[in-house]
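Between the sequences and the hints, there should be enough to build the whole structure, so can you do that?
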Amino acid sequence: MTRVHDMGGRFGDGPVVPEAEDSPVFAEDWHGRALAVTLAAGFLGQWNIDKSRHTRERLSPKDYARFSYYEKWISGLADLLVDNGVLCPEDLIGDEYDSSHPLSSRVLQAQAVPGALAKGGPADRPSDVPAQFEIGQAVQTLHPAANRLVDGGHTRLPIYAAGAKGRILRLHGTHVLPDSNAHGLGEAPEPLYAVAFPASELWADPEHPRDEVVLDLWQSYLEPA
Amino acid sequence: MPHDDHDHPHALLPPEPALRVKALETILTRKGLIDPAALDEIIDTYQNKIGPKNGARVVAKAWSDPEFKKALLEDATQVVADLGFYGRQGEHMVVVENTTDQHNMVVCTLCSCYPWPLLGIPPGWYKSDAYRARAVREPRKVLAEFGVELPTKTSVRVWDSTAEIRYLVLPMRPDGTEGMSEDGLATLVTRDSMIGTGLARVPA
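Residue numbers (the numbering used here), protein chains in the order written: chain A, 1 to 225; chain B, 1 to 204.
Wrong hints could be hidden among the right ones.
[To be verified] Taking lysine-lysine pairs in the DSSO-like style, the calculated list, with each CA pair at most 27 Å apart, reads:
1. A:K119 x B:K53
2. A:K119 x B:K70
3. B:K141 x A:K119
4. B:K127 x A:K119
5. B:K61 x A:K119
6. B:K141 x A:K165
7. B:K49 x A:K165
8. A:K119 x B:K69
9. A:K62 x B:K22
10. A:K51 x B:K127
11. A:K51 x B:K53
12. B:K127 x B:K141
13. B:K127 x B:K22
14. A:K119 x A:K51
15. B:K127 x A:K62
Everything labelled a hint here was simulated from the structure, so no lab data went into it.
In C-alpha cells form, the structure reads like this:
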C-alpha cells in the first residue's frame, strides 16, 4: 500500500549530519546542472508537479535507496520525458537526433528564466466542494493510506498518519488534489487543511506528552472522528 | 495505471550520475528542447540570488515591527510577496512562530518540499533519508544532533509539508538584541533557525 519514498517514522537511517550554513548550494557541479535541466524541461509543459513526484516515487525501491538526491531527479526526468512522449527510448541511447522537435517552440530561453521562476505555479483553485470541517473539529484519516482512484497511485497521506485521530488547525482554501492530478484525471480541487496529531497518536514511544505533528491533508483523506 | 515495469527508460543512460546529466542535457539541447544558457541562468539564480538571506530579512523585520509580524502570521504569502519574495516553491507561504511554550520544526517526509523563494535550495541533510524518516518521530533527538536542547516546558510541533504550503519558522528573538537595526538582526538569523533545527544566534 505504500512506496519507498514514504519513510516518515522509519527506523534505521542513522544520525542526521548537519552542514555549515555557508556550505555550497550545489556540492557538485552536476547537481546544479541536474536541477536546471529538470526545471527547464518542466517548462515544456508536458507534466505537472504531481506527475513528476509520482515518477520519482516509482523508481524501484533498490534504485530509490541507492540513488543520491539529484540522481533521483535526473532519472525521474528521463522517465518523464519518455512516458510523456517527448523522447523515445532510442533518443536516450543517442541513436536519434532530430533538430526539429515539435515542442522546441516552447523552449525556455535564458532571458525568460527570472520571470518564469518568479511566476511560480500556485496550486489553489476555485472549487465547488464545500468545506466539511471546522477549525478545532476532531477528524480521522483514512486507513489504509492509499490512492482511492488508482491502485498504487500517488497520494500525499503518509502511511505513518493512516487511521490517526487529530484536529483541524487551519483551512488553506481549496487546492488541486494530487491523487487525481498525478494521473491525468483532472485537478479535482477540494478543501485542504492543516491537521494536528498528538505524537502519542502516531508513535508507540513519543518523546514528550505535548509534542505534535501537523500534516496538510485534503478533505477526501479525512472523516469526522 | 502506474506502470511498475523494471526497464525504466533512465536505465538507458550512462550509470555514472554526472555523465547521465550530461547525456540528457546534450540530447535535449540538440533537439532544441532546452537552452544551455537558460540552465546557467537557473543555476546562477539559486547559487547567488535566492537563498536564506531573503528569509532572514523577513524574520528581522518581524522582530522589529509588530504590525508587520501580525500581518506575516496572518497571511505570509501576501506579506513576503510585497517584499519581492514570491515564486516557484513559495506560492503558498505560512510562517509559524516559536515561543517559550512551542518550538516549530519543518520537514517533508515524502520528498523535500522547502520554501525556495525565502531559503533557496534545501541543504543536503534536509533531503536525507535520516532527516525525512526521523524528524516526525523523534524531533528532540534530531535537534540534539544540531546541538539544540529544548526545555521540558517547550512542546515541539513538527510540520510535515505534504501539500504545496511552504512553512517558514519565525525563531525567537535572542536576548541582548534591544536597539539593534534590522540589518544587524538579520545577521543573527540562520537558515537552520528558519527550518526549526536551530536557534537564532546570540550577538557576540
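For each hint, the structure was consulted:
no. : hint            : in the structure
1   : A:K119 x B:K53  : holds, 20 Å
2   : A:K119 x B:K70  : holds, 26 Å
3   : B:K141 x A:K119 : violated, 38 Å
4   : B:K127 x A:K119 : holds, 25 Å
5   : B:K61 x A:K119  : holds, 24 Å
6   : B:K141 x A:K165 : holds, 24 Å
7   : B:K49 x A:K165  : violated, 42 Å
8   : A:K119 x B:K69  : holds, 25 Å
9   : A:K62 x B:K22   : holds, 23 Å
10  : A:K51 x B:K127  : holds, 20 Å
11  : A:K51 x B:K53   : violated, 32 Å
12  : B:K127 x B:K141 : holds, 18 Å
13  : B:K127 x B:K22  : holds, 23 Å
14  : A:K119 x A:K51  : holds, 20 Å
15  : B:K127 x A:K62  : holds, 18 Å
Of the hints listed earlier, those the structure fails to meet are numbers 3, 7 and 11, in rising order.
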